[in-house]
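Taking the hints into account, I'd like the entire structure generated from these sequences.
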Amino acid sequence: MADLRSLLSLFSFILVYYGECSQEFLEQCRGMGYTSNLMCSSCDELDKFNLSKLKDGCQSCCQQDSTNEAETEVQAFVKSDKPNQFPGLTVRYVRGADPVIKLMDEDRNVQQELGIDKWDTDTIEAFLRSRLQE
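Throughout the sequence shown, residue numbering follows mature numbering (1 follows the signal peptide of the UniProt record, and there is no 0), covering -21 to -1, 1 to 113 in sequence.
Just to be clear, a hint being listed does not mean it is correct.
As the list claims (entries may be wrong) - With a straight-line cut-off of 20 Å between C-alpha atoms, the simulated EDC-like cross-links for lysine to aspartate or glutamate are:
#, residue 1, residue 2
1, LYS34, GLU24
2, LYS58, ASP86
3, LYS58, ASP96
4, LYS58, ASP23
5, LYS61, GLU104
6, LYS81, ASP101
7, LYS34, ASP23
8, LYS58, GLU3
9, LYS81, GLU92
10, LYS58, ASP77
11, LYS61, ASP23
12, LYS58, GLU24
13, LYS61, ASP99
14, LYS97, ASP77
15, LYS34, ASP60
16, LYS34, GLU6
17, LYS61, ASP96
18, LYS81, ASP99
19, LYS61, GLU85
20, LYS58, GLU6
Said to hold, decoys possible - The following label-pair restraints were derived from C-beta to C-beta distances:
#, residue 1, residue 2, range
21, ARG108, VAL73, 22 to 28 Å
22, SER20, ALA105, 30 to 36 Å
23, THR102, GLN7, 30 to 36 Å
24, GLN91, SER21, 35 to 41 Å
25, VAL73, ASP26, 17 to 23 Å
26, ALA105, GLY36, 21 to 27 Å
No wet-lab data here; the hints were simulated from the structure.
None of the values given here were measured: they were computed from a predicted structure.
Idealized CB from N, CA, C, for every residue including glycine.
Now the structure itself:
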């Protein structure tokens, strides 16, 4: 098996990120009047304004409120323009999945998967810079 350093030049990177959905789903929610950063705690407030009818739709489009600082770090990286700086990086949103970076070979086979739930934005950026420059 080739060593990791020689394989890295052939890798595509996929950042699998939790708490978001596909673009199609986001468009559906936008069509119902909800934004992509809708927090579920906001849906709970609808009852106060006699808008309970909207609650089911709201809850289907909302994100769980983040209490984990690492979650906000990954979100900040993904929502910034930083992912555009890495041509080999694909961000894929998977609702409920832990955030990971998957290192893939030229045939799109996963060679290594790294959990990044405790990484901050600087660590993610530094990792991608070091791997994509090798």
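TODO: Quick one: which hint numbers does this structure break? Sort them smallest to largest.
DONE: 2, 4, 11, 12, 15, 19, 25 and 26
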